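For the protein sequence lines, the chains are Z and F, in the order given. Letter by letter, the first sequence follows residues 411 to 516 of this note's numbering. Letter by letter, the second sequence follows residues 2 to 339 of this note's numbering.
Hints may be right or wrong, so weigh each one.
[Stated by the list, open to error] Taking CB as the label site, the calculated pair distances span:
1) F/E232 / Z/E503: 27 to 37 Å
2) F/E333 / Z/S513: 53 to 63 Å
3) Z/D502 / F/G231: 30 to 40 Å
4) Z/K474 / F/E230: 14 to 24 Å
5) F/G202 / Z/N491: 27 to 37 Å
[Claimed, not checked] Going by beta-carbon spacing under 10 Å, a handful of chain F positions derived as facing chain Z:
6) Y47
7) K50
8) G119
9) R124
10) G159
11) H180
12) F185
13) S186
14) Q211
15) I248
16) M249
17) P253
18) K264
19) D285
[What the hints assert, rightly or not] Computed, partial: chain F to chain Z, Cβ under 7 Å:
20) L46
21) V118
22) P127
23) R181
24) F245
25) G246
26) K294
By construction, these hints were calculated from the structure, which means they are not laboratory data. Just so we're clear, the structure is a prediction, and the values are computed from it rather than from any experiment. Even glycine gets a Cβ: it sits at the ideal position worked out from N, Cα and C.
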Amino acid sequence: MAKITYHTHDNKTYTIDVQKGLTVMEGAVQNDIPGIDADCGGGMACATCQVYVKEEWLDKLPAKEDGEEDMLDMAFEPKNNSRLSCQLIVSDELDGLEVSIPSKQG
Amino acid sequence: MNKTDVLIIGAGPTGLFCAHQLGIIGLSCEIVDNLDKAGGQCIELYPDKPIYDIPAVPECTGEELTNNLLQQIKPFNVKFHLNERVEHLKKTESRWHVKTSGGVEFDVAAIVIAGGVGSFEPRKFPVKECEKFEGNSLFYSIKDKSIFKDKTISIFGGGDSALDWAIELSNTSKVNLIHRRDGFSGADSSVQKVKELNDQGKLNLYTKFQLDSVMGDKNIELVKIKHDEGEIKEFKSDYVLGFFGLIMQLGPILDWGLNIDKKTVQVNTENFETNVQGIFAIGDICSYPGKLKLILSGFHEGALAARGCFKYAKPDEKLRFEFTTTSKAAQERLGIKK
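For reference, chain F alone in the conformation it holds in the complex (with noise of 0.2 Å):
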């Protein structure tokens, strides 16, 4: 069991100034994120595109904004729980008792959900039946790929992930790769080295094709794709894999009594909590009149949400309102010498 002030729910650049602001204060948090890297869509949607509206910041990356954040809350050692994601919440008095997918438990005073539009899941095939094989016999991700060796496989894609186990796996698999359009998002070195490999036999790749159905027993066995123009190909195929990049879901926090409309949960704008005492929302999640989208919002959000947590985790102490230039305790938590 983790016990800490506050359990930040995502690790985007809201939650990630959220636990700074938490910091400053004198209260700990830990933050949980279903990512395997901290910086959400910063980092997942966007590392490499440039933001000009972050203040007092004229440019920088999703991947150099995450980077200074990071690095600007190291003085409050928070503690990270990566590819988790938080499937229960109980409320036990006055206190909080949180459960994650992984098993990871904390006992909080207070919750802020910094998700942004949900957890990152991987983006499935539309064709129904495929359910049913997910987990045995198709996949959206690779674990062991040992298990591909000597067999059939169809791959569906054009991105980086399609492109390099296609390559990978044609050295002991039997390969075949399919997608929607003759061009491809993948790195134009992957889109050489799979088109050199098909011209020498080595895999089949199908272009303006896609998935049309799946079928097998417990396995799949059969696999039917089909042309734009309307051709059904059919082939024997031991396993399917689906790269079509994360999609985003709320999941459960659909689940938790919060008053959620059009994906987003409603919040009051004093202190940026919910519905539920206790439970806060900011960033790209939370709802209210006027809400803007920007990431310099949830910077704002998370400086509120963060003193609303302070009466549930200090319930006999009183805030007191404080500079970082000019309050000793604020310079004594970052850690500052002087």
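So here's chain Z without its partners, still in its complex pose (with noise of 0.2 Å):
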């Protein structure tokens, strides 16, 4: 397990714990945190699972593959600390990890 900081919009913080191996993305939607649509499942294909990561954890984080970056340009007000997250997948290194949800994704 990891610890994972989930805040919404409306100022909301969630800390859940995620299992190991499964995505920031499903931790969220698992637990019914309110923001992340991922409508495609985790395919990179459709941009609606788009988090702000706290600035202090963008180096941390495995780098980017081909086609998020792509896929970034479609979501709602990216920024430079966005990513999908469903490709963060949860592991020792990510415990502590803190988003932001943003205040819709489309």
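Make one complex out of these two single chains by using the hints.
What follows is the structure, encoded as structure tokens:
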């Protein structure tokens, strides 16, 4: 398990123990944290699971694969710290990760 | 008025295979889809990406899968209504009266919703004032390019649509192309071309900028864009175009009295009927304990929903279970000549 903290747009904070191997997206969806639609189900094909990663975590995350940045072009209000949460696989290294969820996904 | 046994909403793989299953058991159907072609997410999101988990098909692309399914339902001459979104359903005695966005009407015995994650709609600007100008000076697709002649156009996006239109419109209009980063997802040759045009002063490229605001009275007059680092630029613009791909929206399905949970429709697993009699839901849009969002699950759900439709379409007949390998009736419906 790793602790992942999700800040939602309405200033609520959820800290969840997410099983290693799941994605940050699945951690949110399975625990009913609002704001992550994940329409395509984790296929990096829809950009509706965008999160903003807390700055200090940006360098610690696995690098973006081909296609993630292209998909982020389509996301709602993308920023420099945007990631697709379906591409962030929870591991010991991610224990303590904090992400914010945008006001909407599209 | 189109009279048929079953209306299928959604022409993705699940909807197409359900049409096949309906055909096999002797029911007619027609299919409505909001996109301009069949295939659903397979065609819209990943036409060239390989799929490895279709039973007995080791590998195929989204496009190949769609073409094979279309081939498979050919004997049934299924009528498609593309670029149409189902808007209204009304129960009339034992049948349903259905109306689409384009005014097409149906009289059917049952409805199968195979709508995936909803209908594909253009993804819009997050900036609120944009709504006010949508359709007069702000567009997400181009129907008549002649209106842009000799005007100033601000195009946002980094994919093929944005690049292709920037290149084309730069011949007859003053074009600003604005994109959130230096990299582009569009074809390399188009990116090259855009950079050349920018160097020649034939269009203005702004990267690491996004839309900040639009201003104007009835039509857009001024556009402000904001750099990653906070710098704001503003320029006059007659039109704004946004090309951010498509997003899926449940849309009118929400208003049909169905039990909906997290953008999915609850069904029973016996025949995938919803809480409303005569309306079935299959594929990604349905949910039940153990639901897997796989194409193969959609096929199973479609087979059972088709049989569930039978009692509504032919209330006085009994459906006999048969195999296509041995059923004369099924083979006749498939047009097989012996």
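TODO: Provide an ascending list of the numbers of those earlier hints which the structure does not satisfy.
DONE: Checked against the structure, the only hint that fails is number 17, while the rest are satisfied.
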